[in-house]
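Novice: These protein sequence lines are chains V and D, in that order. Numbering-wise, my numbering puts 159 at position 155 of the first sequence, and it's gapless, one number per residue. Numbering-wise, my numbering puts 270 at position 266 of the second sequence, and it's gapless, one number per residue.
Bear in mind the hints are in silico, worked out from the structure with no lab data behind them. Keep in mind that the hints are not guaranteed to be accurate.
[Unchecked claim] With beta-carbon atoms standing in for the labels, derived distance ranges:
{"hint": "1", "chain 1": "D", "residue 1": "K93", "chain 2": "V", "residue 2": "V355", "range": "42 to 48 angstroms"}
{"hint": "2", "chain 1": "D", "residue 1": "M5", "chain 2": "V", "residue 2": "G370", "range": "54 to 60 angstroms"}
{"hint": "3", "chain 1": "V", "residue 1": "S361", "chain 2": "D", "residue 2": "S361", "range": "36 to 42 angstroms"}
{"hint": "4", "chain 1": "V", "residue 1": "Y136", "chain 2": "D", "residue 2": "P373", "range": "21 to 27 angstroms"}
{"hint": "5", "chain 1": "D", "residue 1": "E215", "chain 2": "V", "residue 2": "F416", "range": "55 to 61 angstroms"}
{"hint": "6", "chain 1": "D", "residue 1": "R254", "chain 2": "V", "residue 2": "S361", "range": "42 to 48 angstroms"}
{"hint": "7", "chain 1": "V", "residue 1": "S61", "chain 2": "D", "residue 2": "A363", "range": "35 to 41 angstroms"}
{"hint": "8", "chain 1": "V", "residue 1": "V355", "chain 2": "D", "residue 2": "E99", "range": "51 to 57 angstroms"}
{"hint": "9", "chain 1": "D", "residue 1": "N354", "chain 2": "V", "residue 2": "G103", "range": "55 to 61 angstroms"}
{"hint": "10", "chain 1": "D", "residue 1": "T229", "chain 2": "V", "residue 2": "G74", "range": "29 to 35 angstroms"}
{"hint": "11", "chain 1": "D", "residue 1": "S451", "chain 2": "V", "residue 2": "G293", "range": "31 to 37 angstroms"}
{"hint": "12", "chain 1": "V", "residue 1": "S361", "chain 2": "D", "residue 2": "E42", "range": "30 to 36 angstroms"}
These figures come from a predicted structure and were not determined experimentally. Where a beta carbon is used, it is the ideal one built from N, C-alpha and C, also for glycine.
Number of protein chains: 2
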Amino acid sequence: MKNYDVIIIGGGPSGIITGVTGKKQNPDTSFLMIKEEEKGLVPCGIPYVFHDLDDISQNKMGPAPFVKAGGDVLIDKVIDIDIKRKTLKNASGEELSYGKLIFATGSIPTVPSFLKGYDLKNVEQIPKSYDYIAGLKEKILAAKNVVVIGGGFIGAEVAEQIAKYDTKKVTLVEMQKHCLGQAFSPDFAVLADKNLRAIGVNVLTENTVKELVGKDGKVNSVILTSGEIIESDLVISAIGYKPNTDLAKRAGLQLTKSGTIRVDKFMRTNEENVYAVGDCSQTIGFITGRTDHIMLASTATAEARILGYNLCKIGILRAFSGTLSVFSTELNGFAFASAGAIEQSAEAGNVEYVTGSFADVDRHPGALPGAKEIRIKIIVSPKNGEIIGGEIYGGKSIGEMINIIALAIQKFVTVYEMVSFQVGTHPLLTTAPTKYSLIKACEDAISKINCKQR
Amino acid sequence: MKNYDVIIIGGGPSGIITGVTGKKQNPDTSFLMIKEEEKGLVPCGIPYVFHDLDDISQNKMGPAPFVKAGGDVLIDKVIDIDIKRKTLKNASGEELSYGKLIFATGSIPTVPSFLKGYDLKNVEQIPKSYDYIAGLKEKILAAKNVVVIGGGFIGAEVAEQIAKYDTKKVTLVEMQKHCLGQAFSPDFAVLADKNLRAIGVNVLTENTVKELVGKDGKVNSVILTSGEIIESDLVISAIGYKPNTDLAKRAGLQLTKSGTIRVDKFMRTNEENVYAVGDCSQTIGFITGRTDHIMLASTATAEARILGYNLCKIGILRAFSGTLSVFSTELNGFAFASAGAIEQSAEAGNVEYVTGSFADVDRHPGALPGAKEIRIKIIVSPKNGEIIGGEIYGGKSIGEMINIIALAIQKFVTVYEMVSFQVGTHPLLTTAPTKYSLIKACEDAISKINCKQR
Numbered sequence: 005m006k007n008y009d010v011i012i013i014g015g016g017p018s019g020i021i022t023g024v025t026g027k028k029q030n031p032d033t034s035f036l037m038i039k040e041e042e043k044g045l046v047p048c049g050i051p052y053v054f055h056d057l058d059d060i061s062q063n064k065m066g067p068a069p070f071v072k073a074g075g076d077v078l079i080d081k082v083i084d085i086d087i088k089r090k091t092l093k094n095a096s097g098e099e100l101s102y103g104k105l106i107f108a109t110g111s112i113p114t115v116p117s118f119l120k121g122y123d124l125k126n127v128e129q130i131p132k133s134y135d136y137i138a139g140l141k142e143k144i145l146a147a148k149n150v151v152v153i154g155g156g157f158i159g160a161e162v163a164e165q166i167a168k169y170d171t172k173k174v175t176l177v178e179m180q181k182h183c184l185g186q187a188f189s190p191d192f193a194v195l196a197d198k199n200l201r202a203i204g205v206n207v208l209t210e211n212t213v214k215e216l217v218g219k220d221g222k223v224n225s226v227i228l229t230s231g232e233i234i235e236s237d238l239v240i241s242a243i244g245y246k247p248n249t250d251l252a253k254r255a256g257l258q259l260t261k262s263g264t265i266r267v268d269k270f271m272r273t274n275e276e277n278v279y280a281v282g283d284c285s286q287t288i289g290f291i292t293g294r295t296d297h298i299m300l301a302s303t304a305t306a307e308a309r310i311l312g313y314n315l316c317k318i319g320i321l322r323a324f325s326g327t328l329s330v331f332s333t334e335l336n337g338f339a340f341a342s343a344g345a346i347e348q349s350a351e352a353g354n355v356e357y358v359t360g361s362f363a364d365v366d367r368h369p370g371a372l373p374g375a376k377e378i379r380i381k382i383i384v385s386p387k388n389g390e391i392i393g394g395e396i397y398g399g400k401s402i403g404e405m406i407n408i409i410a411l412a413i414q415k416f417v418t419v420y421e422m423v424s425f426q427v428g429t430h431p432l433l434t435t436a437p438t439k440y441s442l443i444k445a446c447e448d449a450i451s452k453i454n455c456k457q458r
Numbered sequence: 005m006k007n008y009d010v011i012i013i014g015g016g017p018s019g020i021i022t023g024v025t026g027k028k029q030n031p032d033t034s035f036l037m038i039k040e041e042e043k044g045l046v047p048c049g050i051p052y053v054f055h056d057l058d059d060i061s062q063n064k065m066g067p068a069p070f071v072k073a074g075g076d077v078l079i080d081k082v083i084d085i086d087i088k089r090k091t092l093k094n095a096s097g098e099e100l101s102y103g104k105l106i107f108a109t110g111s112i113p114t115v116p117s118f119l120k121g122y123d124l125k126n127v128e129q130i131p132k133s134y135d136y137i138a139g140l141k142e143k144i145l146a147a148k149n150v151v152v153i154g155g156g157f158i159g160a161e162v163a164e165q166i167a168k169y170d171t172k173k174v175t176l177v178e179m180q181k182h183c184l185g186q187a188f189s190p191d192f193a194v195l196a197d198k199n200l201r202a203i204g205v206n207v208l209t210e211n212t213v214k215e216l217v218g219k220d221g222k223v224n225s226v227i228l229t230s231g232e233i234i235e236s237d238l239v240i241s242a243i244g245y246k247p248n249t250d251l252a253k254r255a256g257l258q259l260t261k262s263g264t265i266r267v268d269k270f271m272r273t274n275e276e277n278v279y280a281v282g283d284c285s286q287t288i289g290f291i292t293g294r295t296d297h298i299m300l301a302s303t304a305t306a307e308a309r310i311l312g313y314n315l316c317k318i319g320i321l322r323a324f325s326g327t328l329s330v331f332s333t334e335l336n337g338f339a340f341a342s343a344g345a346i347e348q349s350a351e352a353g354n355v356e357y358v359t360g361s362f363a364d365v366d367r368h369p370g371a372l373p374g375a376k377e378i379r380i381k382i383i384v385s386p387k388n389g390e391i392i393g394g395e396i397y398g399g400k401s402i403g404e405m406i407n408i409i410a411l412a413i414q415k416f417v418t419v420y421e422m423v424s425f426q427v428g429t430h431p432l433l434t435t436a437p438t439k440y441s442l443i444k445a446c447e448d449a450i451s452k453i454n455c456k457q458r
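Could you build all of it, start to finish, from the sequences and the hints given here?
Specialist: So this is what it looks like as structure tokens:
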């Protein structure tokens, strides 16, 4: 039986980064990655396969950096694991033994099996499979009336991309009051609805799908709980993902209530020498300290770097301090980003907070060509002034601006420090130094804290 | 004699922000701002008046927020100050008394009086004066062959803007090896030359102007030390700015060697109740601890906020911790940014360092429309891994990305912390989470530190 010092199951972002980082730190240790499909995809790039990218091959992602670092890759499917004996068995029949085993098995779309008609032809999901997505693109190109179920990031992005085809009608059905309502407060989320409508998406919020109706086994309309019937030759369900942990469960690993693999802050499971990282592993909120359900490639890769550096020996004494859930997207050319707590999550987590807001333009003077509106709201702990969250709406630059807030949260920066934060500003790139939006939002929060205290 | 609790001399960014912040903190205190010209300009927007903005009025900036907060404004020129009596005299003859006096007198262009022909007609500078700049725009519109002296930020930006007119020839003469060579290391600065050339600027580096030659009192050619003669009906000198401190000197305030007003970390001068802020005041490098010559609106406003919060009573116990010099610009659609130490300034300041570099694209996958190359280099203290500087080249988003580095420097964040930094990433807005450029540059620095240590 062939042996590897380290075997990684899964070739997504967390598998690749754990592999690269771990192998670079431990060049004399043998690493194997087992993945089910030859070709992989940039997960967050999937919606853009449907329009902005000419060809799915442009969204390819593979373990090349891991291979370059000296790791081996095997295309196969692990079907059984014996944790006591430290061996595993692949679908091909091959058996392997390992020193350390890493679950990086990711997540899979939730199938809307509670819906009548969910198994009709042309009722699809968005799995992270190259061949599936290639097939779905063909179906989208052929479709005339598409219904997307779920207005989270994936649903909103897919609907936006399909709406870019003048010949197609797209309807987006969202249960909550606004799209992106999990990551943004209502005053920001409403702008998602607005921008989706502006690009031609028929956004139906506070509505759900009651039934999918087909003809000859293929979907041809969607009945909503509102009673409305929407003609549709293609339905894409984007109602969420669940951790891909059946194998882990069968192997006897402890799972959380939500089905993720229980891990500690070094990504260690309850079994010696077995680790889990990325979407399949438990995450704990940085702000709330409670288990949450964040599945983000950026979170997964942060975990993966920590695991990679500390896998064989604790090398960088840095544990995963909890998920910050830093989100961003762009709809109709307007960018949305949030980090840490928002009002709803602060309420739900019983976190005391005040907000600080500011609105401006993202260039200065605002008359410069291409200038876009910018809105910012931060969430601040009134006791000590620490920034614990933020949301920004505006032009492309806010995709990096949210990372200033993300770093501020992770380093426990207060609004008092932030008001004298030295920033770089430039007419063509940012708001004015006299009213740099993040600083102005901090000043607003300070004045609210002062009012509360008096 | 009319009395004000606080009088601010100057209506640029530092005057305005000191006024707004101070007045808001102390609503019962009377504030007066004395400024020489009715209309003001966004200083960093000046180059864009020459092309990108249709009209100079689009780049107007005034003390409206200060007035709104309850401050008074007087258009006049302070010509004399009696610090003992706490009075000042204006050009109009009016005398005023004050409780606290703030110098926010800014900076003025260095006149190239060492050059023969410097006083010819159509030899211009870039002062921060509305009427002057309005007149200069007329001259630029009329000119055919423009020579810009000095390839720092202002010179490079002005040359770039003029080059956007197809009918005009622009030559930029820079003494150093590359344009922007003060703020960027040679491998980044060379990209400034490249982009200026790409947009049509005749960039002549390692060259200086020997003489300006005129006819009938108006410039018509420029002789370089290389011997080359360049036909020119307009010469714009952008060789630097000097602090506007004649008045302060006459009033008896202590100045530094470089002519700035000596201040402590709360912006207090050597005289009780007299303060100085912005370009006219001394700055001390955050990294080197030595007096430097940074004149940036973003630095000025950071100082101004500290002064405003602490003017009447020390309210936010936060002193100015030294200038970080965070720069950014855009040339030919490519953005340049730097913060803190670069290789040259680290060498000059006797600072031990290693670098960490990475190159990528600013979207993921890179095939997405509008994706731009991104290059990053950070400067790291090898002893403890602290990030002490960085440079980035790429698309517009790096204008905010540099502020992540700026915050990291100000909060003494190490590369070890940064490798597990949770970032927001999105295909249309940032590099990929698997290779977020700043994290990759940190990994590169870590590997260099490890090599050095072994």
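Novice: Do the Cβ positions of D:M5 and V:G370 conform to the proposed distance bound of 54 to 60 angstroms?
Specialist: violated (41 angstroms)
Novice: Is 21 to 27 angstroms right for how far apart the beta carbons of V:Y136 and D:P373 are?
Specialist: holds (25 angstroms)
Novice: Are D:S451 and V:G293 spaced within 31 to 37 angstroms by their CB atoms?
Specialist: Hint holds: Cβ distance 34 angstroms, inside 31 to 37 angstroms.
Novice: For the range 55 to 61 angstroms, tell me whether the beta carbons of D:N354 and V:G103 fit it or not.
Specialist: violated (47 angstroms)
Novice: Does the Cβ pair D:T229, V:G74 satisfy 29 to 35 angstroms?
Specialist: Cβ of D:T229 to Cβ of V:G74: about 55 angstroms, so the range 29 to 35 angstroms is violated.
Novice: With respect to the beta-carbon atoms only, verify the hint that D:R254 and V:S361 lie 42 to 48 angstroms apart.
Specialist: At roughly 45 angstroms between Cβ atoms, V:S361 and D:R254 fall inside 42 to 48 angstroms, so the hint holds.
Novice: May I ask you to test the hint 35 to 41 angstroms on the CB atoms belonging to V:S61 and D:A363?
Specialist: violated (23 angstroms)
Novice: Is 30 to 36 angstroms a correct range for the gap between the Cβ atoms of V:S361 and D:E42?
Specialist: Distance hint for V:S361, D:E42 holds at roughly 32 angstroms.
Novice: CB of D:K93 to CB of V:V355, is that within 42 to 48 angstroms?
Specialist: This hint is violated: roughly 56 angstroms between Cβ atoms.
Novice: Is the hinted range of 36 to 42 angstroms satisfied by the C-beta distance from V:S361 to D:S361?
Specialist: holds (38 angstroms)
Novice: That 51 to 57 angstroms hint for V:V355 and D:E99 (C-beta), does it hold up?
Specialist: holds (56 angstroms)
Novice: Between D:E215 and V:F416, is the Cβ distance one that fits in 55 to 61 angstroms?
Specialist: holds (59 angstroms)
In summary, the structure is inconsistent with hints 1, 2, 7, 9 and 10 from the numbered list given earlier, while agreeing with the others.
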